[in-house]
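S.K.: Sequence:
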Amino acid sequence: MPCAVNNPIDMSISPDQIIRDEIQALKAYHVPPSQGMIKLDAMENPYGLPAELQKEIAQMVASAALNRYPDPSSEALKASLHEAMAIPAGMEVMLGNGSDELIQIIAMAVAKPGAVLLSIEPSFVMYQMIATFTGMRYIGVPLSADFTLDLDRVLAAIAENQPALVFLAYPNNPTGNLFDADDISRIIQTAPGLVVVDEAYHVFADASFLPRLQQFPNLLVMRTLSKLGLAGLRLGFLIGSAEWLRQLEKLRLPYNINVLTQLVAQKVLENVEVLNQQAEWIKSQRVALVKRLSELAGVEAFPSDANFILIRVPKADEVFEKVKQRGVLIKNLSHAHALLNDCLRITVGTEEENERFFRALQESL
Numbered sequence: 001m002p003c004a005v006n007n008p009i010d011m012s013i014s015p016d017q018i019i020r021d022e023i024q025a026l027k028a029y030h031v032p033p034s035q036g037m038i039k040l041d042a043m044e045n046p047y048g049l050p051a052e053l054q055k056e057i058a059q060m061v062a063s064a065a066l067n068r069y070p071d072p073s074s075e076a077l078k079a080s081l082h083e084a085m086a087i088p089a090g091m092e093v094m095l096g097n098g099s100d101e102l103i104q105i106i107a108m109a110v111a112k113p114g115a116v117l118l119s120i121e122p123s124f125v126m127y128q129m130i131a132t133f134t135g136m137r138y139i140g141v142p143l144s145a146d147f148t149l150d151l152d153r154v155l156a157a158i159a160e161n162q163p164a165l166v167f168l169a170y171p172n173n174p175t176g177n178l179f180d181a182d183d184i185s186r187i188i189q190t191a192p193g194l195v196v197v198d199e200a201y202h203v204f205a206d207a208s209f210l211p212r213l214q215q216f217p218n219l220l221v222m223r224t225l226s227k228l229g230l231a232g233l234r235l236g237f238l239i240g241s242a243e244w245l246r247q248l249e250k251l252r253l254p255y256n257i258n259v260l261t262q263l264v265a266q267k268v269l270e271n272v273e274v275l276n277q278q279a280e281w282i283k284s285q286r287v288a289l290v291k292r293l294s295e296l297a298g299v300e301a302f303p304s305d306a307n308f309i310l311i312r313v314p315k316a317d318e319v320f321e322k323v324k325q326r327g328v329l330i331k332n333l334s335h336a337h338a339l340l341n342d343c344l345r346i347t348v349g350t351e352e353e354n355e356r357f358f359r360a361l362q363e364s365l
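Under our numbering, think of the first position of the sequence shown as 1, with each following residue one higher.
Hints are computed from structural coordinates only; laboratory data are not their basis.
Check the hints yourself; a few may be wrong.
Claimed, not checked - Beta-carbon label-pair distances, calculated as ranges:
no.	residue 1	residue 2	range
1	Lys291	Asn271	28 to 38 Å
2	Gly327	Ala231	45 to 55 Å
3	Gln247	Arg359	49 to 59 Å
4	Gln189	Glu321	41 to 51 Å
5	Ala231	Ala64	18 to 28 Å
6	Gln54	Ala159	47 to 57 Å
7	Arg186	Lys112	24 to 34 Å
8	Pro142	Asp182	13 to 23 Å
9	Pro72	Arg359	46 to 56 Å
Using N, Cα and C, we set each Cβ at its ideal position, and we do this for glycine too.
Please take these sequences and the hints and turn them into a complete structure.
M.R.: This is the structure:
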């Protein structure tokens with residue numbers, strides 16, 4: 001009998017043979033290092049919590065049951081959100097590990113073969129990225145040159161593509177502006193599927209679609225505590241009817257909101273007036289900074305209803321690097337979209353941080 005031949009194991013398998021082509025074509029979301037710099041690139045609240053509240057949180061965390069799984073439904077935290085955010089009666093809340101997880105859950109839920117996710121451009125990059133993650137076809141409708149919503153174009157795209165899911169940031173990131181509320185209402189009424197109004201920056205805008213949830217059965221409103229002052233906790237929340245959230249909850253991973261996030265967020269929400277006061281400070285600083293930027297030769301500062309300001313400057317790449325060399329990190333969007341040519345985005349910081357940025361920009365132009 002002939003001897004059996006041991007064929008060598010094929011070790012040539014590589015990621016490009018296994019991983020989907022559209023994933024290989026993506027670039028990972030890049031977060032630049034910011035050590036030792038004034039960080040004005042990520043729309044964070046620059047203010048910390050009051051010392052007394054920090055002390056209360058520290059004592060609470062010290063006795064937290066870290067050996068136990070968190071409350072899987074986060075009921076106490078949801079109750080705090082209902083009260084602090086004035087969520088309409090009859091509306092349910094679903095929690096996510098940041099808004100990103102919620103966007104992904106929603107996309108996964110509606111991603112039937114051939115399903116379309118539609119948004120406007122430029123806007124939050126994760127809408128398009130998560131459409132790719134979940135195998136949905138993405139349609140991005142360009143804004144007008146002044147960053148306003150081109151309603152006719154959006155409605156035409158909806159009629160042509162029949163999207164299962166529409167995301168609209170309100171105010172928009174990175175442009176900072178609020179779209180016309182009646183235009184958004186038209187989109188919700190026209191859309192054949194689900195519409196999510198992303199209100200990540202609602203506290204700086206004095207405008208919301210929360211009161212319209214009862215009016216539109218295909219509307220969900222998404223928010224986050226990140227911009228309000230708790231970015232480190234990674235807590236996003238989705239608001240809508242039980243009919244929608246009951247289905248979406250099936251895709252939420254168990255225990256996605258950890259013990260510390262639940263405890264700390266609930267304690268801070270019991271003192272939400274602290275965050276609201278900080279938001280008012282940021283809004284006043286935003287007004288002052290927009291005025292100063294508008295008076296600089298060569299700088300175009302766009303109106304903002306968020307906690308950041310978009311500007312256009314000549315040779316934005318060079319200006320960005322020079323500002324960075326002076327110890328201030330902002331966001332270079334010049335290559336993110338054709339409408340953002342030579343644009344930079346600046347988070348509104350403390351008065352001192354804004355002054356440092358302004359001087360750095362003056363010296364860099």
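S.K.: All the hints need checking, so say for each whether the structure fits it.
M.R.: Verification of the hints:
Distance hint check: the CB atoms of lysine 291 and asparagine 271 are about 32 Å apart, consistent with the given range 28 to 38 Å. Taking the beta carbon of each, glycine 327 and alanine 231 are about 21 Å apart, not inside 45 to 55 Å as hinted. In this structure, glutamine 247 and arginine 359 meet the distance hint of 49 to 59 Å, their C-beta atoms being roughly 52 Å apart. Here the CB-CB span from glutamine 189 to glutamate 321 is close to 46 Å, well matched to the stated 41 to 51 Å.
Distance hint for alanine 231 and alanine 64: a CB-CB separation of about 20 Å, consistent with the stated range 18 to 28 Å. Taking 47 to 57 Å as the suggested C-beta distance range, the pair glutamine 54 and alanine 159 conforms, at roughly 53 Å. Range check, arginine 186 to lysine 112: Cβ separation about 25 Å, and the 24 to 34 Å hint holds. Checked against the hint of 13 to 23 Å, the pair proline 142 and aspartate 182 passes, with Cβ atoms roughly 20 Å apart.
In this structure the hint that proline 72 and arginine 359 lie 46 to 56 Å apart at CB holds, the actual value being about 50 Å.
Consistency note: the structure conflicts with earlier hint 2 alone.
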